[in-house]
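Go by the hints and put chain B onto chain A.
In the order they appear, the protein sequences are chains A and B. Quick note on numbering: the first sequence equals residues 1 to 412 in our numbering. Quick note on numbering: the second sequence equals residues 1001 to 1295 in our numbering.
Calculated directly from the structure, the hints in this document are not laboratory data. Don't take each hint at face value.
Cut-off 30 Å, straight-line C-alpha distance, at most; resulting in silico cross-link-like pairs (DSBU-like, lysine-lysine) [what the hints assert, rightly or not]:
hint, chain 1, residue 1, chain 2, residue 2
1, A, K335, A, K401
2, A, K151, B, K1116
3, A, K151, B, K1274
It should be emphasised that the depicted structure is a prediction, and the values quoted were computed from it without experimental measurement.
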Amino acid sequence: MIMRIFIFPWLLLLSLSAYGEDNGTAFKLRAIPEIHDANANTSFAPALPLTSLGKDRSREELEMRTDWNGVNLVATARSTAQQGVKPDKQLVINELYYDATLFGERFSLGKKILSWDVGFGFRPLDVIQQENRRSLYASTLEGVPYLSWEKFTADEAWMLVLANPGRGMAGEPRDDESLALKYFRRFGNTDAHALLRVSRRYSFEAGASFSSVADDGLEWHGSLLHQARYQKSLNTLTLNSGIPLSASDPFVTQNFRHGRKALLGATLTGESGLSLLGEAWYDNSAYTAAEWRAAADLARRQEALLGQAGIPAAAVRGSLAYGTRYFERPNLLKKNLLLRLSHRSEVESWEPAIDVLYTPEDGGRVVSASLAYEANRYRIDAGLRLYGGRADSAYRLLPEKRVVYLAIQLAF
Amino acid sequence: MFNVKCNFEAPHNPRAQRAICNPRPGGGWGWGHKPRFWTSSWHRGGLPAMLGRLLTSLMLLALSLAVQAADTKVQALLRQADAYRLPDAQLQVETEVQLFKAGKLDKERSYTVYVKPGRRSLVLMQSPSEKGQKVLMLGDEFWQIMPQSQRPIRITPLQKLLGDASAGDIATMTWSEDYEGQTAGEAKVGDIPCLRLDLTATRKGVSYQRVELYLSKSGAKPIKADLYVASDKLAKQALFTIEQVDGRPQVSAMRLIDQIQTNRETVIRYLSRKPRTIPDEYYNPMFLTRSDLKE
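So here's chain B without its partners, still in its complex pose:
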């Protein structure tokens, strides 16, 4: 029986394979379903039908390889861009967040964020007004502990977004883990020639569901990002400052300009980044009541 499904080689890129092999949503015919005329041609067994099949397979293979290559290229660019903010997979990041209203400093917060692969991060609030608060993020699931009651409680993605820890989350989000997308042309940001990437979140829990990311053509440095919330409203514009840190170019600050409340701005500064591996049990929500993590 002829089966278009996975005769061509796409096993190394599950996303490309999914795109090609799965039926289209909504119940219409996708490439994973066998077109009827092919089936009948095969049963008739004629040479034109075989050539037709070969040609179609080659076209599909070329398309698959093109999708795979484009996808791989975007992912490679995102990994490269991530490395300017998070140079290691497991990190302890110290950040300082300043919120400005009409150009005046409104709030200043500092966070220690522990990052681990698998979209796991643990945010410890360090400012005097928030000391003792912690937020745990495991993929799309979130917990918060307040020092007054020492009770780890589940919060929804929207509650997390409305809370102060969302700034810490933005500082350590990984585009390559949380987004997929494509290159959408070139543009200049200031004097810097950039590639524009249109990115869509691969999970619901991220703060911004769509991102238009501008990476420098030279070195894929993050220059600017337009951040859209779930309703596709432009919420913030991020501008990145890159400086030499520890002998290599790294993002030293992010400036988030609010596009809804236009007189508000957030500046996130990376105070330090160092490799730090903490055990899996530290990412258990009940572990938030313990004080084993210091610094």
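The following block holds chain A by itself, in its conformation from the complex:
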């Protein structure tokens, strides 16, 4: 029995490997365990048992990349496990698309990753793809259903995309139906991008970005996005002077006019292989420092109710757990600064990196350090992320203080 358990996966891998080498299909097998340390010194801590924060987890993935008669497919079989939660298995179609040429015109349809911005820490122009830039270890993104017409010359490109056709305004912004027009032009050592997008959620969005190489080792880039409308979820309990508890989700989504997102950054690479990235960005759909103070104040008032006669602890924990939705935003605060130092060499297999994300409005910070080792067919990544900063900062309120991860990837 034990033999069968161990032999079966290896036989499967060997047969997949042989299949892949025969027809150009590539497979990647990954195992990513994560150790999450809870932060007990925050008012949100009593909510920990009801959320995924502070819990160890792991995921195993088998990714397949192939193409057949012009149809491209990237699919991932994923198994996830989390402390205290039943393991889950899913099959994700990351990409499944066909690029066609009809009467000299370029078309494309299916499901595809549509990343458009030039930034690293934040991507204002990723209006369709909307990936999570704060993930510890990024696997291949899941694309978006689309239909597009594209036009290329040597220096220019036009793309008209209908994303998520028939979905209207969906539950999540990335699933929204939208129509977008993207333009690209190359001016010598500078790339310029512009886009227009129409969707029911945000009405009109217009944006532009650039990326320019100033010399052998210096690149700088910037993005700007204007939204006719943007949304923010606000906790109604912050406005309530009574008992700050709720049996249902107290968050309401409100519409605001004139959303603005902007980013400016540069990368400096030296002959030694050292590379320094600096980025500053602004996102007015993120919470203000005052909103975070109100969230912290509410959490303190809720925490103080624990143990009081006549108030069920489950209700307090439930209301605090709803409050952790504050941490779901792509940017916790409007103003963000990122500095990243990394080293890569043509001959070395090791790639160390360290970065600091700082929020100047409240003095919060996230420090991440990683080390990668790449061999012929496998790659190992190990990393650490620490949340900290001033006592009342958003990142100190997070009921997690440390994450350690390991990622082992085998390619065949």
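For chain B alone, kept in the frame of chain A given last:
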């Protein structure tokens, strides 16, 4: 008005013309500026002055022709040497790159490279660990796309040099397009009598700014090259293997011996080379997100 500038014939070789006609850098008097005594002699209009002018013109003409001839000869040698690696102007090249550490195989990569005149090349990574990655090179400008995010991003020449695609770049660089230089004597590499060419890159984006290239005296076959980075440090030594491929001698492999990390070596094998013309729009950075190029 007497004008030395371009009275003599050098229009067919812009480089020679530039060398002769342009002022020297740094603001000193170059041949393009008229020396004062000539001007005054001309105005005086004497026979000795005219003879002097004629003699000077003839000397300059001879010098120009000599520079042009030397330049043409070097370029012809480089074109001949290039043809052993890249027999056609527009090609699809399949390469296999093996990196060795202390004699043991460390990494193995395979690339498909599409080459087009005008220093345009497109590298598609084919190894399982890199599948889906692409690097586009247009002169000194570079873009990379990673399969996880499908986002064509600009990279600097140094980022390109530090990346894995630089090996693919080395396999398809054209000395005649990217370098100029002169013959610097003769030498024997092993038993092969060679011409030594001292080459300097004509653009910043190439991986190596200076190359000492040894070509066989018979047939200008590439035998050895010393490759120097921008700081003039010897980075690698390349040794070329020439075999009969498709009925003619071609470079079948290049062995790059690292001169900085001396226990490292890269072997680049040419698996196939075939003429392939792809449209200009394929070299648009945004086209990298499409999958029209296969094989």
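Status of the hints after comparison with the structure:
no.	hint	verdict
1	A/K335 / A/K401	holds, 21 Å
2	A/K151 / B/K1116	holds, 21 Å
3	A/K151 / B/K1274	holds, 28 Å
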